[in-house]
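S.K.: Turn these sequences into a full structure, and let the hints steer you where they fit.
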Amino acid sequence: MDLGEVRPADELCSLAVNVCPVCRSAIPPGPPRCPNCGAMLGGVPFAGGLVEMGWARAIMGQVIGDGGMGTVYRGWLYYNPAGPRAGTPPHEVAIKVLHPSLSSRPHVRKLFLGEAEALASLSHPNIVHFHGLVESQGQLALVLEFVDGEALDTVIERHARRATPGSLPALAFMRAWHYFQQLLGALAATHALGIVHRDVKPANLLIRRDGLAKLGDFGIARLPVDVARSSGGMQPGTGAYMSPEQVDGRPLDGRSDLYSAAIVLYEMLTGRTPFDSDNRNELMIRAAQLDEMPAPITHYVPQAPG
504 MDLGEVRPAD
514 ELCSLAVNVC
524 PVCRSAIPPG
534 PPRCPNCGAM
544 LGGVPFAGGL
554 VEMGWARAIM
564 GQVIGDGGMG
574 TVYRGWLYYN
584 PAGPRAGTPP
594 HEVAIKVLHP
604 SLSSRPHVRK
614 LFLGEAEALA
624 SLSHPNIVHF
634 HGLVESQGQL
644 ALVLEFVDGE
654 ALDTVIERHA
664 RRATPGSLPA
674 LAFMRAWHYF
684 QQLLGALAAT
694 HALGIVHRDV
704 KPANLLIRRD
714 GLAKLGDFGI
724 ARLPVDVARS
734 SGGMQPGTGA
744 YMSPEQVDGR
754 PLDGRSDLYS
764 AAIVLYEMLT
774 GRTPFDSDNR
784 NELMIRAAQL
794 DEMPAPITHY
804 VPQAPG
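In my numbering, the protein residues as written are 504 to 809.
Where hints are given, some of them may not hold.
[Unchecked claim] Now the in silico label distances, taken between C-beta atoms and shown as ranges:
1. W558 with T667: 45 to 55 angstroms
2. A585 with L761: 39 to 49 angstroms
3. P609 with W680: 22 to 32 angstroms
4. W558 with P799: 49 to 59 angstroms
5. M796 with A589: 55 to 65 angstroms
6. P805 with R612: 17 to 27 angstroms
7. R612 with P747: 35 to 45 angstroms
8. M796 with G590: 19 to 29 angstroms
9. S626 with L605: 23 to 33 angstroms
10. E638 with P727: 15 to 25 angstroms
11. T657 with P739: 18 to 28 angstroms
12. T591 with A798: 28 to 38 angstroms
What the hints contain is simulated information worked out from the structure, not anything from laboratory work.
These numbers come from a predicted model, not from an experiment.
Here a beta-carbon is modelled for each residue, glycine too, at the ideal position from N, C-alpha and C.
M.R.: As structure tokens, then:
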């Protein structure tokens, strides 16, 4: 299906069964995956790619992301003509579906539902907008704002790849500062409600084509009642961006996210994180957060203010 073409929801729902519910390609009987897009045919979430929300319905399109917990689909949101938002034109959304194999695990469900609760309580121009949570036959999905752009890590990698000797190793100062200010705005709104994101990193900051930054992926965020609790063992998060107290499993507050945001700024300017190394694994990077001092930005960017 061409997502640039808006089609009536009823027409989309009447598509034949021998069509992949993700990419809408005709499929032969037998294979477990769609030969066109690779979607699992036996476990495609939500019958016919339809996510019913009562006041609206979302039609799932192509896969735009896949991670450890779930798959993200691009889709369209159609509003119920008899509902409270009747007359609102259909628009694109991102539909994040928890992997069916994980939906029965209480801890994973709690994280997924926690993300929905966190996003539902937040309204800020620099945070991905939450449309709704849907559960159908044990399958969970979040319907979110579709951000037409790319993640900040992709932006940084592209600029670092193009850097030449003597030039800036990554983003220009003002561009990095522009994104950093927007990230701080999103975190201020998050922390005002007592929510700690815990996974602030470039991959979770989406940059729209017009330069607007949107913080997303609140999958391991802690709500106010959870902030002082520790899960024990290896703490969730991404070592290169974690604060020392997060690595150590100590109680967290918003300052931990601000530490992570500072590392994002460091990477935007230098093209690398403070403890980057080709021969370091995740455990070694986490240990470095506790034991080492990072090189100053001026070590990599002599033009930077001291």
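S.K.: For each hint, tell me whether it holds in the structure or not.
M.R.: Now the hints, each set against the structure:
{"no.": "1", "hint": "W558 with T667: 45 to 55 angstroms", "in the structure": "53 angstroms, holds"}
{"no.": "2", "hint": "A585 with L761: 39 to 49 angstroms", "in the structure": "46 angstroms, holds"}
{"no.": "3", "hint": "P609 with W680: 22 to 32 angstroms", "in the structure": "42 angstroms, violated"}
{"no.": "4", "hint": "W558 with P799: 49 to 59 angstroms", "in the structure": "53 angstroms, holds"}
{"no.": "5", "hint": "M796 with A589: 55 to 65 angstroms", "in the structure": "59 angstroms, holds"}
{"no.": "6", "hint": "P805 with R612: 17 to 27 angstroms", "in the structure": "50 angstroms, violated"}
{"no.": "7", "hint": "R612 with P747: 35 to 45 angstroms", "in the structure": "30 angstroms, violated"}
{"no.": "8", "hint": "M796 with G590: 19 to 29 angstroms", "in the structure": "58 angstroms, violated"}
{"no.": "9", "hint": "S626 with L605: 23 to 33 angstroms", "in the structure": "29 angstroms, holds"}
{"no.": "10", "hint": "E638 with P727: 15 to 25 angstroms", "in the structure": "24 angstroms, holds"}
{"no.": "11", "hint": "T657 with P739: 18 to 28 angstroms", "in the structure": "23 angstroms, holds"}
{"no.": "12", "hint": "T591 with A798: 28 to 38 angstroms", "in the structure": "51 angstroms, violated"}
Hints 3, 6, 7, 8, 12 from the list above are not met by this structure, while the remaining hints are.
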